[in-house]
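Student: Please model the entire structure based on the sequences and the hints provided.
Chain order of the listed sequences is B and W.
Heads up: the first sequence runs through residues 1 to 275, numbered per my numbering.
Heads up: the second sequence runs through residues 1 to 275, numbered per my numbering.
Hints may be right or wrong, so weigh each one.
Which copy? The list can't say, so a pair holds if one copy fits it or any two copies do.
[As the list claims (entries may be wrong)] Computed cross-link-like contacts, DSS-like style, restricted to lysine-lysine with a CA-CA straight-line distance of at most 30 Å:
1. K125 - K201
2. K26 - K125
3. K32 - K125
4. K26 - K201
5. K201 - K238
These aren't lab readings, by the way, just hints derived from the structure by calculation.
There are 2 protein chains.
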Amino acid sequence: MANGWSTVSVVGVGLIGGSFALALRKAGFRGKIIGVSSAATIRVALERRVIDEALPLRDAAAQADIIYLAQPIQRILETIDQIDDCVRPGTLITDAGSTKAAIVGRARERIRRGRFVGGHPMAGKQSRGVAEADADLFYRRPYVLTSRDEELEEWVRRIGARVVILNAEEHDRLVALISHLPQLISTALGESIAQADGAAKVAGPAAIEMTRLAMSPYEIWRDIFSTNAGPIDDALEKFIEKLQELRERLRTDGMGEAFDCAAAGARALRGVELL
Amino acid sequence: MANGWSTVSVVGVGLIGGSFALALRKAGFRGKIIGVSSAATIRVALERRVIDEALPLRDAAAQADIIYLAQPIQRILETIDQIDDCVRPGTLITDAGSTKAAIVGRARERIRRGRFVGGHPMAGKQSRGVAEADADLFYRRPYVLTSRDEELEEWVRRIGARVVILNAEEHDRLVALISHLPQLISTALGESIAQADGAAKVAGPAAIEMTRLAMSPYEIWRDIFSTNAGPIDDALEKFIEKLQELRERLRTDGMGEAFDCAAAGARALRGVELL
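Tutor: As structure tokens, this is what we get:
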């Protein structure tokens, strides 16, 4: 069962990979945690005792009972292309990528000896890197898995997250709305403000809050857009329709209803996710 | 000069009116502060020593050197309709309404004995009411005045705010972008989430943050929409164009440029407004 893992290999020891390692330890994992990452990251990860040792990918994969891929999406796809012939039969391989259809599709083609379960912890921080890794990062957050796996589900629960089972396509459609659309809205608002003379001088708290995401680094988002363009485009199209409705409501009745509905949506998010 | 005021009458002793009174005191105002508000509010305002005494509007207006209208917009318009024949000639009347063209236009028609300077402190809190009043609410925030007035500008600076002189139309165009558009974006996102099955179960920090404004009470916003529909409609139209551009960029190049521009806009807001 869950105690069956004796070696975990974390590939990409950044904020998410490092936090997963720390969270496993805090939850009572007593086996070995191997890290695969750049030399600079490995140095910090060893200093902070996030990992027990560092190895090249093939060696780390060969020893592991579970391989946790926490790289950027394109790197996860490349790792999936390389990893299967290194692993022992039955090794669990999971990932933490922000989109799932491309990754699960690739794993379905390439993973034969291992067994793959896609994952996406709905957690993050404004700052990145292993220096920011935090054993409590996943606490009370949704953690999506694209198929059931008793051992993995058990550990996800032990690190304090809430298991949500969704197939890859459903996941990608929901995160397009709940994560990728908010990013693009903030980006569009930041652009609108950048291009309006004098806007900054009347900056109030609403604009400050609604443009925080606009400062997100594009390097994270490039892969998300390239692997989830269809669902994001749909979400944007529907959101634009909503805004057109609000334009009509500006001069007619019905804006109060829109506010009621929106507040219910906002509260529903908070009901699940007691921030 | 600024020390010339001996009596200030605050009409509407809520979060903004109460904070203005507390801020004046903290900044060294030694005269009398009269409050005009509902009985329940007056009780709390007197208990918290936000005001020195309470009077009906006409009496408070007759005694004042400056009258500070901090009611909802429609109530400010009604007060402007009634107040001029009560005041001493030359009395300064200012307001804290969130839109300016309707209010300044009404004052131009109705205020003859007094002199009117429109105002809008770009400050607020999630909670309202005099119980939340705070002497530091305006600290480092922009405070728009629709015309120059040496005494008023001096007190705005003393309470720690940054004076920004804008005519009413320019103000309304800028706040449509910087305040009213962010509200409607958050409302539209909240509605989209309310109407999507299963969205709440993958709630992450981005959706939480971007829907906070969606829980704003409509009663504040009704008057803003009815007095600023034109500029808000323009801001929505341009924002929709931006989102359409981002849709096109999803599958082509140029998304990186949009992120760079948006980040510059977000930073410009923060450069002025070191939150």
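Student: Now tell me if each hint is right for this structure.
Tutor: Going down the list of hints, with the structure as the test:
1. K125 - K201: Answer is both: 28 Å inside a copy and 19 Å across each meet the 30 Å cutoff.
2. K26 - K125: within (19 Å within a copy, 38 Å between copies)
3. K32 - K125: within (26 Å within a copy, 49 Å between copies)
4. K26 - K201: This pair counts as between: shortest inter-copy Cα distance 25 Å, intra-copy 47 Å.
5. K201 - K238: Answer is between; shortest inter-copy Cα gap is 20 Å, intra-copy 32 Å.
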